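Colleague: First to last, the protein sequences are chains A and R.
Everything in the first sequence is counted per this note's numbering, starting at 1 for the first residue and increasing by one.
Everything in the second sequence is counted per this note's numbering, starting at 1 for the first residue and increasing by one.
Derived by calculation from the structure, the hints in this document are not laboratory data.
From a predicted model like this one, the values you see are computed outputs, not experimental measurements.
Check before you lean on any hint, since a few could be wrong.
Same chains, same names: a pair is fine if it fits in one copy or spans any two.
[What the hints assert, rightly or not] Using 30 Å as the maximum straight-line C-alpha spacing, the simulated DSSO-like pairs for lysine-lysine come out as follows: (1) K191 with K367; (2) K562 with K251; (3) K212 with K55; (4) K367 with K568; (5) K191 with K568; (6) K193 with K367; (7) K193 with K228; (8) K191 with K45; (9) K30 with K562; (10) K251 with K191; (11) K28 with K90; (12) K7 with K45; (13) K466 with K335; (14) K193 with K335; (15) K245 with K228; (16) K367 with K45; (17) K7 with K335; (18) K28 with K464; (19) K367 with K28; (20) K568 with K90; (21) K259 with K30; (22) K568 with K28; (23) K568 with K7; (24) K45 with K245; (25) K335 with K191.
Protein chains: 2
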Amino acid sequence: MADTERKLSNGRTRIEFATDPSRYRHWKLKVDGDIATLLMDVDEKGALFEGYELKLNSYDLGVDIELADAIERIRFEHPQVKVILLRSAKPRVFCAGANIRMLAGATHAHKVNFCKFTNETRNGIEDASAASDLKTICVINGTAAGGGYELALAADHIMLVDDGSSAVSLPELPLLAVLPGTGGLTRVTDKRKVRRDLADAFCTTEEGVKGKRAVEWRLVDEVVPGSKLEEAVGNRAQEFAARSKRPAGAKGIRLEPLKRERTANGADYSTLSFEIVDRLATVTLRGPDAPPPASADAMVGEGAQFWSLRLARELDDAILDLRVNEFDVAAIIFKSAGDGEQVLAYDRFLDANQDHWLAREIRALWKRVLKRVDVTSRSLVALVEPGSCFAGTLAELVFATDRSYMLAPSLPSPASGGGLGRGSDNKPPATLALADVNFGAYPMSNGLSRLASRFLATPSDVDKAKAERGTMLDAEAAAALGLVTFALDDIDWDEVRVFLEERTSFSPDALTGLEANLRFGGPETMESKIFARLTAWQNWIFQRPNAVGEEGALKRYGTGQKPVFDTKRV
Amino acid sequence: MADTERKLSNGRTRIEFATDPSRYRHWKLKVDGDIATLLMDVDEKGALFEGYELKLNSYDLGVDIELADAIERIRFEHPQVKVILLRSAKPRVFCAGANIRMLAGATHAHKVNFCKFTNETRNGIEDASAASDLKTICVINGTAAGGGYELALAADHIMLVDDGSSAVSLPELPLLAVLPGTGGLTRVTDKRKVRRDLADAFCTTEEGVKGKRAVEWRLVDEVVPGSKLEEAVGNRAQEFAARSKRPAGAKGIRLEPLKRERTANGADYSTLSFEIVDRLATVTLRGPDAPPPASADAMVGEGAQFWSLRLARELDDAILDLRVNEFDVAAIIFKSAGDGEQVLAYDRFLDANQDHWLAREIRALWKRVLKRVDVTSRSLVALVEPGSCFAGTLAELVFATDRSYMLAPSLPSPASGGGLGRGSDNKPPATLALADVNFGAYPMSNGLSRLASRFLATPSDVDKAKAERGTMLDAEAAAALGLVTFALDDIDWDEVRVFLEERTSFSPDALTGLEANLRFGGPETMESKIFARLTAWQNWIFQRPNAVGEEGALKRYGTGQKPVFDTKRV
């Protein structure tokens, strides 16, 4: 169970999430009118780490980063696309799933974060369907094994070729002694609603299920003879496109490369920066420096420069960067700087244009980024200080944190000559402001808004907060509404330092488990079950010698030696 | 992380679940009219294993077995009791939670099963409230730490003495680097609905919360000055008793000791037996050998001998025995023998008397036993063979399994001279029968009946099955209704052997994770979240060196040495 770090290939020292189609090595994106085809064609030699090859359309994080990028680009750059055809460019194989050699050699931390990101990517495909009516049809001509079938499960419609050999399977348990952990088990039971005993048979059968039985067991939506495949795919794509409400004539915007400069202990983006000191990453978000554009057309004109979109993309990149490249970071501290009224103006602008495809996509992106924050295994803290602009969409980050502290003006003291806010730096006192967007636009994975999750016991407190939309709330008012954890004055503000020091002294694992529970009170959804029931069990298995020990199945796969199992059932 | 087995104390070789108040070492049960007082008074020297003492009302599995027994006895032996006062007999301490030395030295398998049983016991306290209107008031005079507060959380009402020192706390994370895993985190968020950031503050504060703040944060229901405690407890008990609909004049039945004889590789009870061969435990349930009694009074007269109750208690004991004493068992195979019509007659009898307290308690016990089966980490298999009596309540076990096989009559062959069922043993062909009880009386932890869980995709199939209540369904009919996984004839029946052999060849851990996912499709409840989100994360942490390694917090607690943590956040 040695957990030694593997080397990134090509001399890279960090995993990068930014990419674009001109740099894809594993996917081909073709857009033809309202149909996009996303062809999986994994480059065997294009692995993210050294030491394995990506045979048979197997994937690693690098392959999935391109997939996630492609889905985002279809949404923003090709709004006219109504249907994505997800296909393989390889003969006789759709996708062999996560690369086993990669998994066998990955650290526990990488395995966990790899699965988290791939889960988010598949959730993103479903979000495109639910939020943007962008439907995905998966065409399986060959084998879809393990993560390959899990990818198919994210689609709205699965077509399987009926050729006597094309099959879907989840062979993780019999072959590798791990779970189909990229949503597989949960989508089988909760999305496809496969009968539990048939699901058991399916998930313990290495060779999987093909042909008519795959339809009968609800594993795919239809089987098609090979000779009629292209015709059937074309028809199905047209049917789905005809039903989609996507904008017909819309012209997309270009998702330009992010501007990011690495600094000594962090990075600067155009709308935020982060800095890591003593295992604490402070992310400072900057409010807009200009009012929102005058019209939706002007927003399209600004494109990826539009402040809300720019910040969402940059925040997403920063969170991912911290997640997979900075394992030692114990907590992420959100700060902000700017004019809260301007942030509210952007939120009002997006509200006013909510039927515009781009406004809708920006809001949906923020929803996904905030969900990514929710499942980030770092303690999350917000510091609401003078000069900050936690309003509307940015206030949502305060509600996403495990704890928030807000600086209250102390009583004027003759010595300080004022004492508003933090000493005499002339910044206005800290405020927090709510907007419509805080009451439903950004549901968490449990289906509730962060404020509804926060006030599970007292739903009337959501209404009380709602009545204060648009008000710049000072610390006293924010605390009275229950919007921040603690409001402290200058004198007590040192408690924040003590808290952060204490936080970094705790067991990182125990914090991960604690936060994964406390953040998600109330109902569960298929999505939240993937990150809870499924992921937590998988992470447990990823620690067990039967999977990852020297004699475990993951380590012995492909060696010709059988795994040796401890037969105890726990 | 050596996982060596600890020695049971007093020369015991197996953990026994059967007990009664005359043998309690840790609890005192006093019944006074409609109020029962359950006093925790743990005997330091009464630990289940060698090597630790149960100081400060800390507990191990042995203590919890007595608690579970006491709750059952109040329900069956003292039906007139309306309120349980849960209190400590020790000064200045309510309960210090699970014994840390016990946890630190326990095998992973024991830790997991200890938590599972304690969770079931706390769920049982809540079930007494929900199903039988038997309310629990927890009186905390002193400290309720960790599992001590988790026990309190199971109560309907928590009273805390306001004396400047009595407090509730969940110090597991800061002290031990593990979670409050006996429902603690989930009950804080989902039952008490504590605001998530306050819950974070509470669960990371070693000393906990006391006095008024404990009420403000919703951690307890009221604080009471020490001088007024007895008066307040008396008043509260009377109030709860006045609201309870428990039967006033009912006289209980005695839960006589179970009859069980150990055999060479199993055990014989009066209504079932089990036998372990090649890591497979076959549990054979026997149907009633006489019709149900003529009246509810006659049922009370039969008391613990009443077939339904006897079988429920014996099955519960057998499942628990297999769970904690037979870790090598890979699968539990349920068979049955008897007359299905008689089983249905008992179910109809209980239906007809559903307003009688004893009938209600028997049904509620079956519900809990079936839930215990659901969360048992062994592959569950049902074999429906000629001579079996899987009908009504017993059919529920078939729906609880991961897979069921039913023997179908083969075509008559001249050679066999018949071929009905399994050869020529003269048994009638296998049948399966449904009853009202299969459609709501036994919800799973997800809140659905097993048939509703089974037919998540096609609720109309539940109605189709419902229409067949009372019919003795042969294999073909049962398979057509989707009630069994596979119907096989004599010739194919060997597939069962192949399946079982294969099952025992798989990784036990992977099966545990797989089954914990596939068994619980659809919605989640607080109860199901405890066994999923909370338990799975806790089990993961129980594998992590930060908790259980030689330098981990659990191992180092009390040694004066600080734990050393791997600082990676995973």
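Colleague: Against each hint, give a clear statement of whether it holds in the structure.
Modeller: Now for the hints, and whether the structure bears them out:
Taking identical chains as interchangeable, the C-alpha atoms of K191 and K367 lie at most 30 Å apart whether they share a chain (21 Å) or sit on different chains (27 Å). Proximity of K562 and K251 under a CA criterion of 30 Å is satisfied in neither setting, with 56 Å inside one chain copy and 61 Å between copies. Taking identical chains as interchangeable, the C-alpha atoms of K212 and K55 lie at most 30 Å apart only when both belong to the same chain, with a minimum of 29 Å there against 63 Å between chains. In the homo-oligomer, the alpha carbons of K367 and K568 lie at most 30 Å apart only across protomers (28 Å), although the nearest pairing inside one protomer, at 43 Å, exceeds that limit.
Taking the closest pair of Cα atoms, K191 and K568 never come within 30 Å of each other, the shortest separation being 32 Å inside a single copy and 34 Å across copies. For the identical chains of this complex, K193 and K367 are neighbours both inside a copy (26 Å) and across copies (24 Å), given an alpha-carbon limit of 30 Å. For the homomeric pair K193 and K228, the shortest alpha-carbon distance inside one copy (28 Å) is at most 30 Å, but the shortest distance between copies (56 Å) is not. In this assembly of identical chains, K191 and K45 lie within 30 Å of each other by CA distance neither inside one copy nor across copies; the values are 35 Å within and 52 Å between.
Proximity of K30 to K562 under the C-alpha cut-off of 30 Å is found in neither arrangement, the shortest distances being 43 Å within a copy and 58 Å between copies. Taking CA atoms no more than 30 Å apart as the test, K251 paired with K191 passes in neither setting, with 33 Å inside one copy and 49 Å between copies. In the homo-oligomer, the alpha carbons of K28 and K90 lie at most 30 Å apart inside one protomer (12 Å), although the nearest pairing across protomers, at 71 Å, exceeds that limit. Taking CA atoms no more than 30 Å apart as the test, K7 paired with K45 passes inside one copy only; the shortest distance there is 15 Å, against 54 Å between copies.
When the C-alpha separation of K466 and K335 is checked against a cutoff of 30 Å, the pair qualifies only within one copy, where the shortest distance is 23 Å, while the shortest distance between copies is 58 Å. In this assembly of identical chains, K193 and K335 lie within 30 Å of each other by CA distance solely across copies; the values are 28 Å between and 43 Å within a copy. Proximity of K245 to K228 under the C-alpha cut-off of 30 Å is restricted to the intra-copy arrangement: shortest distance 28 Å within a copy versus 67 Å between copies. Taking CA atoms no more than 30 Å apart as the test, K367 paired with K45 passes in neither setting, with 35 Å inside one copy and 56 Å between copies.
Proximity of K7 to K335 under the C-alpha cut-off of 30 Å is found in neither arrangement, the shortest distances being 34 Å within a copy and 54 Å between copies. Taking the shortest Cα distances, K28 and K464 never come within 30 Å of each other, neither inside one copy (50 Å) nor across copies (48 Å). Taking the shortest alpha-carbon separations for K367 and K28, only the intra-copy value of 27 Å comes in at or below 30 Å, while the best inter-copy value is 54 Å. Neither within a single protomer nor between protomers do K568 and K90 lie at most 30 Å apart by alpha-carbon distance, with minima of 41 Å and 38 Å respectively.
Proximity of K259 to K30 under the C-alpha cut-off of 30 Å is restricted to the intra-copy arrangement: shortest distance 27 Å within a copy versus 72 Å between copies. For a Cα distance limit of 30 Å, the shortest separation of K568 from K28 qualifies neither inside one copy, at 46 Å, nor across copies, at 36 Å. Within a single copy, K568 and K7 get their C-alpha atoms only as close as 35 Å, which misses the 30 Å cut-off; across copies the closest is 18 Å, which meets it. For the homomeric pair K45 and K245, neither the shortest alpha-carbon distance inside one copy (40 Å) nor that between copies (72 Å) is at most 30 Å.
When the C-alpha separation of K335 and K191 is checked against a cutoff of 30 Å, the pair qualifies neither within a copy, at 38 Å, nor between copies, at 32 Å.
Checked against the numbered hints given earlier, the structure breaks hints 2, 5, 8, 9, 10, 16, 17, 18, 20, 22, 24 and 25 and satisfies all the rest.
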